[in-house]
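Number of protein chains: 2
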Amino acid sequence: MDIKDVVLNKAIEARDGARALIKASSDKKNRVLLKMADELERAKEVLKKANKKDIDNARKKGLSNALIDRLTLTDDRIGEMCSGLRFIVSLPDPAGEILRMWKRPNGMSVGRMRVPIGVIGFIYESRPNVTADATGLCLKAGNAVYLRGGSEAINSNVAIVEILRKAAVSEGIPEGAVTFLDITDREAIYEMLKLEGIIDLIIPRGGEGLIRTVTANSHIPVLKHYKGVCHVFVDRDADLKMAEAISLNSKVQRPGTCNALETLLVDSAIASEFLPAMKKRLDDAGVRLKGCDESRRILDGIESVSDEDFDNEYLDLILNLKVVDDIDDAMAHIADHGSGHTETIVTEDYNKAMRFINEVDSSAVMVNASTRLNDGGQFGLGAEIGISTDKIHARGPMGLEELTCAKFIVFGNGQLRE
Amino acid sequence: MDIKDVVLNKAIEARDGARALIKASSDKKNRVLLKMADELERAKEVLKKANKKDIDNARKKGLSNALIDRLTLTDDRIGEMCSGLRFIVSLPDPAGEILRMWKRPNGMSVGRMRVPIGVIGFIYESRPNVTADATGLCLKAGNAVYLRGGSEAINSNVAIVEILRKAAVSEGIPEGAVTFLDITDREAIYEMLKLEGIIDLIIPRGGEGLIRTVTANSHIPVLKHYKGVCHVFVDRDADLKMAEAISLNSKVQRPGTCNALETLLVDSAIASEFLPAMKKRLDDAGVRLKGCDESRRILDGIESVSDEDFDNEYLDLILNLKVVDDIDDAMAHIADHGSGHTETIVTEDYNKAMRFINEVDSSAVMVNASTRLNDGGQFGLGAEIGISTDKIHARGPMGLEELTCAKFIVFGNGQLRE
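Read top to bottom, the protein sequences are chains Z and A. Using the numbering used here, read the first sequence as starting at 240 and increasing by one per residue. Using the numbering used here, read the second sequence as starting at 240 and increasing by one per residue.
Hints were generated in silico from the structure; no laboratory data involved. Watch out, some of these pointers could steer you wrong.
Identical chains share a label here; the pair holds if one copy fits it or two copies do between them.
What the hints assert, rightly or not - BS3-like mimics (lysine-lysine), calculated; alpha carbons at most 27 Å apart, straight line:
1. K342 with K405
2. K274 with K287
3. K433 with K466
4. K262 with K466
5. K267 with K283
6. K480 with K342
7. K243 with K466
Please work from the sequences and hints to get the whole structure.
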């Protein structure tokens, strides 16, 4: 059978799984997830053995230690997969929720009901724990998952999936509910992306190259995450101590994440007071500064920032500084250079806080809070399948609700169209 | 300048328009729409003159009378464009609505606020009235619209757009808020579809060929409508008189629409009672019947239905009949042959009504109501920009709310990530 047929046949199996899951009660789905956790725990040695093959192959191929670390399954990491699945059990099931129901003049009731999306194609790279995480979230919301993991983790993924499928079957859910595409040829991804009408949604997770490839070639809707070029704007009416704490936390608490600060915008009216104190704290934290002309006039000896730097997601202890005229200048900079991810204003002024909230076009817009708080867990969404930088369907952290869609339901008693 | 540059520059103008609209109050947007209506009314003669050029060209090209009719602007149709714009003014503005707001343990308030999507690329075919309708809906929700109409209506569209742009400018909105791509070469569409990050959403409206081309080539999210293969299932516990009325209305009230009935599923327990009476009413309405073996046993002399017929959207006075064993058999047929558009069960049985509502995976699932009622106006959504057969972002009729997305907003007082 050629690649095209294999990819198609597996998708059809996944669709059969989705049709069973749409009818499954929350209790049944929760039992499947608990069973998955129990069986993964029981299979620790099997999983580590499969994982060892991947690690050996990675060493032979000369992969970096960082990549090999991401690939490695330890007892602790297997334990985390299991507790992740059990945590998902504790979350409310979004499927079946009726969002709103209203009466029409002809007497019929019309409502919107959250329902599963169907088959979710999940295309990801190295970490094998994602296999269990993504499966748990998709199944909890009533979706089948069609997984295509990276070639480096193929042995680990196949071993994990075998256990996940058995757990589904033990509760009467067809094994297609968890479908894994074990063809590592890139061609297989292109074939998946053509299966409009069978696969309902594609979520890619990995480097920018993978995501751009998927977006450019998909006939299926894609929910994706590009970069986060996040800003803090320190207004002239800010509490400057609070501004220091928020800027520092946004930059250094975990600089390698998409919601970390990349450019600090400082109101010219308080720049000469704020910047020297801020620089001291950033220096202590080992942050390298790149500044505009005005900030370099205030702070001696810092590097010069370029226009390209302002578009850069450093993911590192590097920070751009820019002195701006006022809130309008700050918002114009954000519109020109931001990636629509996370922006914060620090101010005590009510009107400027409200303008920032209303006018800045980002997935999360904050007043007086660290950009690092833009996160599914911090926002109270429960688990997170990813963060969307799209504006369609989901924007920002995506929880279980984002793995559903809303259909219309109608309760009539004989209504006709006049 | 080559096509690529023209398409890009216009998109950048549209984005400037979007940035102004995100800040515009509902009052201001309403004033723009009213001005548009007034000025279109005043320009009737200019519009009809431009339209005459399109009609003359269409005649020269030998287009069908039906197509020429769709293209033609009369005083009445211009009046409808204007009243359409005024109706949109009367609808609530979805942008700025806060859907929910909750408090986190660290004291910050997190909420979701509806905001405009940004730049909406609208790719459509012949009818020039769509130019004003789509512009009105997009602008009301705070979006810029980047229009690409069909070559047949180019003179009419250019004349309409000129008036719409002037109305925007008169209220201080940049003319890019209404951007029209006047390159009729198909290449221009492909260039539009590459402008990810500038155009935020593509809505194609037209024949299946156009929609498939757009879907296969877009790097930008697409909201689209394919076909409607709709079903009515007459359960053994139906009020058979009601079932007749609903089936007839679903099929004949306007057979050329996507929510018209294509296949009538009849429970075997009542088939021999229901079908002869139903046939009489369908015969009277001039409906041609195609039946399964069992229905042909009950009804003499009707044609035989094929498996392909069950996948067909006739958009005509033709109806498939199928006798099914029970509700499970009916739902299996719908899952195999339906397009996920609109399905109705006619029944007096509570449990079967609830099973149908919960288990059928379509944009509208109804009990005891005509499929023809799946419509933005009938559902009370106000105006409709289209009907989505996707499961992402919008499913079913799309009103103003579907032209927005929800961002997260955070009101903090110094919260940091621990």
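Go through the numbered hints given earlier and state which of them the structure violates, listing their numbers in rising order.
Violated: hint 1 alone.
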